[in-house]
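Enquirer: Chain A is fixed; fit chain B onto it per the hints.
Protein chains: 2
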Amino acid sequence: MPKGTTLARAARVAEVAIDAPCGNRGVCGKCRLLATQGVGEVTEAEERLLLPRELSEGWRLACQATVEADAVVTLHSEAMQMALTTSDLTIEVKPNVRKRLARVALSTLQAPRADLDQLREALEPEGDGVCFPLPALRQLARVLRAGEDRVTLALTDGRCLAVEAGDTTGECYGMAFDIGTTTIVGALVDLRSGAQIGVASALNTQASFGADVISRIGYTMTDPEGLEVLQERVVGVLNDLTQSVMEQSGVKRERIYEATVVGNTCMHHLFLGLDPRSLAVVPYNPVVVDPLTVYANELGLRLAPQALVHVLPNIGGFVGADIVAGVLATGVHRRGEVRIFIDIGTNGEIVIGSRERLVCCSTAAGPAFEGAQITFGMRAAEGAIEHVHIGPDTVKLKVIGHTRPRGICGSGLIDVVAELLRVGLLDQTGRLLKAEQAREVVGEKLASRLFESSDGLAFSLFGGPEPVYVTQRDIRKLQLAKGAINAGIAILSRRLGIDPERDVQEVVLAGAFGSYVDPASTRAIGLIPPLPLSRLIAAGNTAGMGAKMALVSTDARAEAARIARAIEYIELSNEPDFQDRFADAMYFPDPAAIAALE
Amino acid sequence: MPKGTTLARAARVAEVAIDAPCGNRGVCGKCRLLATQGVGEVTEAEERLLLPRELSEGWRLACQATVEADAVVTLHSEAMQMALTTSDLTIEVKPNVRKRLARVALSTLQAPRADLDQLREALEPEGDGVCFPLPALRQLARVLRAGEDRVTLALTDGRCLAVEAGDTTGECYGMAFDIGTTTIVGALVDLRSGAQIGVASALNTQASFGADVISRIGYTMTDPEGLEVLQERVVGVLNDLTQSVMEQSGVKRERIYEATVVGNTCMHHLFLGLDPRSLAVVPYNPVVVDPLTVYANELGLRLAPQALVHVLPNIGGFVGADIVAGVLATGVHRRGEVRIFIDIGTNGEIVIGSRERLVCCSTAAGPAFEGAQITFGMRAAEGAIEHVHIGPDTVKLKVIGHTRPRGICGSGLIDVVAELLRVGLLDQTGRLLKAEQAREVVGEKLASRLFESSDGLAFSLFGGPEPVYVTQRDIRKLQLAKGAINAGIAILSRRLGIDPERDVQEVVLAGAFGSYVDPASTRAIGLIPPLPLSRLIAAGNTAGMGAKMALVSTDARAEAARIARAIEYIELSNEPDFQDRFADAMYFPDPAAIAALE
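Protein chains in written order, with the numbering used here: chain A, 1 to 598; chain B, 1001 to 1598.
Same shape as in the complex, but just chain A (with noise of 0.2 Å):
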């Protein structure tokens, strides 16, 4: 991470999402947070929104407060709860694991007694409840032979995870665990106040079998070991985050006593082991849906020896635990008013509706909002155009790091069709102008932007002896790729006998994607329905969000058992006019009527 950096930023590459409404402008002072060394001087703006005692206990603005030095940033539970005011949700910290102290009475030679039925009394009036596993009881004889009579307990619902020796009641701790087919990323939470206390995120090394989720599934079918391999990546790469947090935070692996893992169906089934191979064919089943809970030394995890690992529930084969905790993180299940929540990575699913009723559907968005199969496309990286605009005469571009521009990815390459769009350089079936044409729309200097490249006609954003420039052939595709959304959208307006430019609420925009992408570009592409700006939410990391909710809360992993349920899973390829539909959509949005909007 660069100097200078701010904590926004750095947050948004660790794929943690910090709430700002106000689109990190130091202006609804709503990004605080906790950070008290390695971080730069106090801005303006912070002196205006934080109080002086909020200063002086270290509290920051993530979008004002940059990166000095190694940074100890805490996302305090607060600062989840901000998040997840922009539903109206408040979550209560009510996690699956607590911890107890208990002293242990000695046995005597008039009332000998097993250490079990001594710790049982100490543990009135619950004692008799709890079922204490074989490696518990191995830990007890353990603590009380060592001459310690005070134990802490780690109980989870009847059951007892750890015997500790001593008074550990202050250390008791989780992971949630969102598992995407590129990216990895694990949190720390404190599972008595739910604060946040360490993240870190790592590519998905299953990415040497392939980039999408269909060739890691041909290498299950195709090598024996293959599934088993899968498995053993995903799990390392858990490992390695959980070690990170570790040594970010100093917490001690044998107090990390439960997690939460979310992944889209297939991550779900490599990471569990389940032969992923029907997810590739038709009719696309999953071996389960249901939320499992299963102990994290029978997939490899390491965290405390008898720790539980809660995987959280999936809808179908396309529609995974990822949306499931999505929609719980923005509580869209929950409201009178329809929503439609947008989740784009290699697929794109689509969740529409409200209390009422809630539909959803995959979409073949392919890799083009990802910036794979686009000429200069590339990942959310340095060196990547993240944001474009176009002026009378200029092209103003945002890359990554501050550097010279190496590519796009897919934010830059929304907002270059909408600015495109905008000033008339592209037409609303997708067809780039011809340069003479265009000299009469836009003037000399940016139709000079336009040229027959070695991949056909295209416009440039940065010259030079190693371009960067859009082509033809990449607007084409990205018309693919948010036909296929809008499509989507359609079809689950129509289940639900809606008009979504008249009845929706709000798009909830989630995921990284929604993140870094501008809403209002994805407006101006058609991507999604045509709603004032106002309406337009980009939510963040929701699928690590909700897997935080369900590590600290046992009401909020029973509504996402409940979601999963609730939510009608459509076949897109079952609905006899989606081909037309798709057609339809491909074409972009008349610029003025968009324009008009505002």
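The set of hints was computed from the structure by calculation and includes no laboratory data. Note that the Cβ used here is the ideal one computed from N, Cα and C, for glycine as well. Hints may contain errors.
Stretch by stretch, here's where chain A covers chain B in the computed footprint (C-beta under 8 Å, at least three residues) [claimed, not checked]:
1) 1138 to 1151
2) 1270 to 1281
3) 1292 to 1298
4) 1568 to 1574
Expert: Here is chain B on its own, set in the frame of chain A:
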């Protein structure tokens, strides 16, 4: 096993209990079993006691049929029930594990559903109540992907232990293990019928770390890996026994879904890897007495992948699950009249009572009854004198294997002492007569057997260059051992407010010792109260029998838990007059009074 050995003896060596109320005399016909090959001709007694139909089916009497080649013998559940009818008990076969066949419908694109949901539907009406742990889901995916739609589930109490391809409902097995300090027995049982279909026994290889429990506990305290080593040892033996019965029967490992385990409290702790050191020091409390259920693979026990192991409950540090199983098998806890249950090994455990109340104790009977610390003491193996009769001039010996005697085992030692008392060569204080006195009492022939050995005054059993004799010191050791048992009976009786001679209905001699020993001799030396012979029952390996009952019947397993809670443990060293009672109990009874009993 030499040719010509009766099946009754063969079963005894294998520690398989076969009921034989007539003492293997071919009179009662109760020791019937199925033996269709490798056995000798039908005897007169069998023709008298078995119906022609039974004979043609292969039913034989264990006390009559001899082994002439590799024999295959089936102890049917009827045989087990027969053994139990001596205690008016019958047991309904009602195992924890049952199998169910289901046909899983294929999912369709119109209604794509998870494999598990399809399976649950096929399992209606119980489908929703079954928990499918991860390994079962992995099996389900594998089976369905292989194109098989018929699956057989192994179900236990709402949990699926296995998902198998095709119809395997005919294969459902369990193992009952009886872990002795010296010997371990494993029986393979068909859980559908309750029939035992294979049995094997082996020495407990922990013995290389000490013959008795105290030295094994010592090893766990001196070697940091001692507990682990001993745990692995005993599990290794259990795995060998399983392998052996699998080979005997052709049953596959993955079809053995459950096991029950009994043993004394130290064997229990070592098997489970629980630190046993508290069993060796005041106040001798165990880590746990409750019944436990653990996964076989947690222990390294190789059965079906998700097999469960039910470990029966202990009563206390000195009275373990083997005694609970023995009480279960003999039904002492169910009857109105008072019974004495004695299981003699390295320790002597005693239970006295009825369905009204049960008390128990453990006595340091010492290893004399196992032949240890006796000049020519040996285990009940080939060459051991197991029975002794002193005639007017001669001494008749019964030697295991009909070879020349190499030593004497516990039952032989008790016989010798009983006979020496009867003929007057030993007085009630336990003193052997000198040769000159003896001559007057028993004549020259017998008196000449008394001689001054290198170990002190002795009575010769077998002369020549490799003699076998019993010394005064051996007799003293036996006195201490029987005195401890007898004092225990006295103290428990007082606690119950009963007079053993008047109020006890039966004395049940359990364990291998109970099978070998002549009940009349135990009475003659005052080990047990002076009751008519018809009230002395040799019950065989009641611990193993109880383990089998708990395996084939969940009711029996629940009953074992109730027994363990109901029995009151009396710590003899807490009784102020124990030493006095012990000193009194070392005297032998008056032979004339004993003779008058019949």
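Enquirer: If a hint holds in the structure, say so; if it doesn't, say that too.
Expert: To see whether the hints hold, each was checked on the structure:
1. 1138 to 1151: holds (count 6)
2. 1270 to 1281: holds (count 6)
3. 1292 to 1298: Coverage by chain A holds for the stretch 1292 to 1298 of chain B (3 residues, Cβ < 8 Å).
4. 1568 to 1574: holds (count 4)
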